[in-house]
Amino acid sequence: MRTLTSPYSYPPIINWIKSLQEVSVAGATGAVFESREQAASLALFALAIWVAVDGYELYPISGVSGKDDIFAGAWIAIFTGFAFFCTTVFGILAVVKHSRLLVLLYLILMFIIFIFECASCITAATHRDYLVGNSNLVKKQMLKYYADDSFAGQQITATWNRVMREVGCCGADSPQDWIDYNSTFRTEFGTEYPWPQQCCKRLSNHEVADVEGCKIGLNSTLFSKGCFDHIESVFSLYTWSVSWYGFSVLMFMFWLMLLTMVYYLKI
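So the number in my numbering is just where the residue sits in the sequence shown, counting from 1, plus 946.
Derived by calculation from the structure, the hints in this document are not laboratory data.
Positions of the beta carbon are idealized from the N, C-alpha and C atoms, including for glycine.
Each hint should be verified, as a subset may be incorrect.
Stated by the list, open to error - With a Cα cut of at most 30 Å, we get these calculated DSS-like pairs of lysine-lysine:
| id | residue 1 | residue 2 |
| --- | --- | --- |
| 1 | K1161 | K1171 |
| 2 | K1086 | K1043 |
| 3 | K1212 | K1090 |
| 4 | K1161 | K1085 |
| 5 | K1090 | K1171 |
| 6 | K1171 | K1013 |
| 7 | K1043 | K1090 |
| 8 | K1147 | K1161 |
| 9 | K1086 | K1013 |
| 10 | K1161 | K1212 |
| 11 | K1212 | K1147 |
| 12 | K1090 | K1147 |
| 13 | K1085 | K1212 |
| 14 | K1212 | K1043 |
| 15 | K1147 | K1171 |
| 16 | K1086 | K1171 |
| 17 | K1147 | K1085 |
To be verified - Derived CB-CB ranges, DEER-like:
| id | residue 1 | residue 2 | range |
| --- | --- | --- | --- |
| 18 | V1035 | F1097 | 36 to 46 Å |
| 19 | C1064 | V1208 | 16 to 26 Å |
| 20 | Y1127 | N1151 | 43 to 53 Å |
| 21 | R1046 | R1108 | 52 to 62 Å |
| 22 | N1165 | V1035 | 57 to 67 Å |
| 23 | N1165 | R1108 | 32 to 42 Å |
| 24 | F1025 | N1080 | 23 to 33 Å |
| 25 | N1151 | Q1122 | 34 to 44 Å |
| 26 | R1046 | E1003 | 46 to 56 Å |
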């Protein structure tokens, strides 16, 4: 006895072709997303290198305090950025070959790199607040190490001299820091100089414009603003480059991994 076929059902060959088309569309979409992820991962790689190189040369301030995790996050991001790029190339190959095993391996690798990048973002973001949440840590470090003969003191002294000279600032909050608090600088120089000569305004030939006027604190001869705003802005810029751009890459990666999982189930 013959059975009636529903007018809405398709022969097996048609169903197979439709499923193949769905897989192809999902694979093509995944390949497009992965090519964009390659660009994002290379940008993360480049930004992390820029932070690690420390173009503003403020690493000693974080290094001496033992809170250099912003730079540690940058080094992790260098690895994850390059790893994301290499893994997305592998992912495109897995999609082209329609291999469940390769796609599964791709997902495992992406998940591992995803965890490392999460660690990079969280590390940079949390330690930025500790380092430059306020001026107290930077000020305490400056007063302790500036003019000190130790290796850490030499690093801090050179860094502060350069910042005060280039930015046109003095002390963490103001020149008054050198007077209000005990410091290694005061121990070394007593009352001869109330603040370092780097706080004094200079002529075009880099000579101090008015030594005596600077000693007594004339506004026309002394940098009156503090350096903390500059230091805070640099470390914030480093942090946003590593953490917040890293978070945006992670969000993109999350949706890419979901799309790849859908593709994996349809193969």
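Those earlier numbered hints the structure runs against, lowest number first: 2, 3, 7, 10, 11, 13, 20, 23 and 25
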